[in-house]
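S.K.: Next come the chains, spelled out residue by residue.
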Amino acid sequence: MTILLLVAALIGGILLSAQSSVNGSFSKEAGTFESTFLTFMTGAMFLLIVVLFFGKGDVAAILDAPKWQLSAVWFGVGFLFLTILAVPKIGVIATNISTVVGQLGAGIVIDHFGFFGGAQISFDWQRGLAIVLMLFALRLIYVANKKTNKSRA
Amino acid sequence: MKIWVYVMALLAGIALSIEGAIYGVLGLSIGKLESSFYNFAIGTVIIGVILLFFGKGKLSYTKKAPKWQLSGGILGVIYLTILVYGIPYLGVGLTMISVIVGQMAMSMVIEHKGWLGSAKSTVSKEKILAVILMSVALLLVF
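Protein chains in written order, with this note's numbering: chain P, 156 to 308; chain Y, 147 to 288.
These are calculated hints, taken from the structure and not from any lab test.
Incorrect hints may have been included.
[Said to hold, decoys possible] Only pairs whose alpha carbons sit at most 25 Å apart, straight line, appear in this in silico BS3-like list of lysine-lysine: (1) P:Lys244 to Y:Lys210; (2) Y:Lys213 to Y:Lys202; (3) Y:Lys266 to P:Lys183.
Please work from the sequences and hints to get the whole structure.
M.R.: Below you can see the structure in the form of structure tokens.
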């Protein structure tokens, strides 16, 4: 089960990356807000159909869910806003790298303290070493991209 | 100094992890597909309002665009739904590391091949080493 979910998360990353390329091409012609709107709207349309046929939960229970849980949508929209803000100023690569650092750091902190009622997973040396390796990998990507940009110019 | 822009991008990443963590919990109470649906439905409303007031582009391009450019929504849906399923079992840290590895590897393939309208940029030794390091990090946490 764990391996299956891990592979699923990898596929999730692959799709996320494809999505940013697709949206990037679309937003060149249509605009950033327009591209975001289309993404959310078509996403909602697909999910409406899926929930109608395969949903086992209860959409109406949203009204009873604690408000802090509903606030997640603002973090999703906030992510998007901050990205739109950063990309034109520091470029896609620098933005992605800073985002990944925030994503990873926050992920490990949330796990350690068991914030938001999720599973509590303590920080250990493996996780510490993993962060160091990830930072080093991001540094390598940054260097490699600087090189190709130079050779292009 | 553009340091504050980097801080913004960092905050964006933090927001992404918090979002995943909360939806993981919401998914356990109202249902996983339902949580994903909630995000996209309310997200549409929020962006819709912003678009009305601040939109400067052309939404009408949707009709002219090649169909593959309209696939962003379904890709996002699958991504978020996977996250809602995965996080309660794997934790946010491990889920995010696998997402990042997939993301980085795929961006390299896309750029190397120049797919999906992106500028071509060949894979270098540094980039391959980077993906190997990330995979080792993933194994360590796992």
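S.K.: Determine for every hint whether it applies to the structure shown.
M.R.: Evaluation of the provided hints:
| no. | hint | verdict |
| --- | --- | --- |
| 1 | P:Lys244 to Y:Lys210 | violated (30 Å) |
| 2 | Y:Lys213 to Y:Lys202 | holds (22 Å) |
| 3 | Y:Lys266 to P:Lys183 | holds (17 Å) |
Consistency note: the structure conflicts with earlier hint 1 alone.
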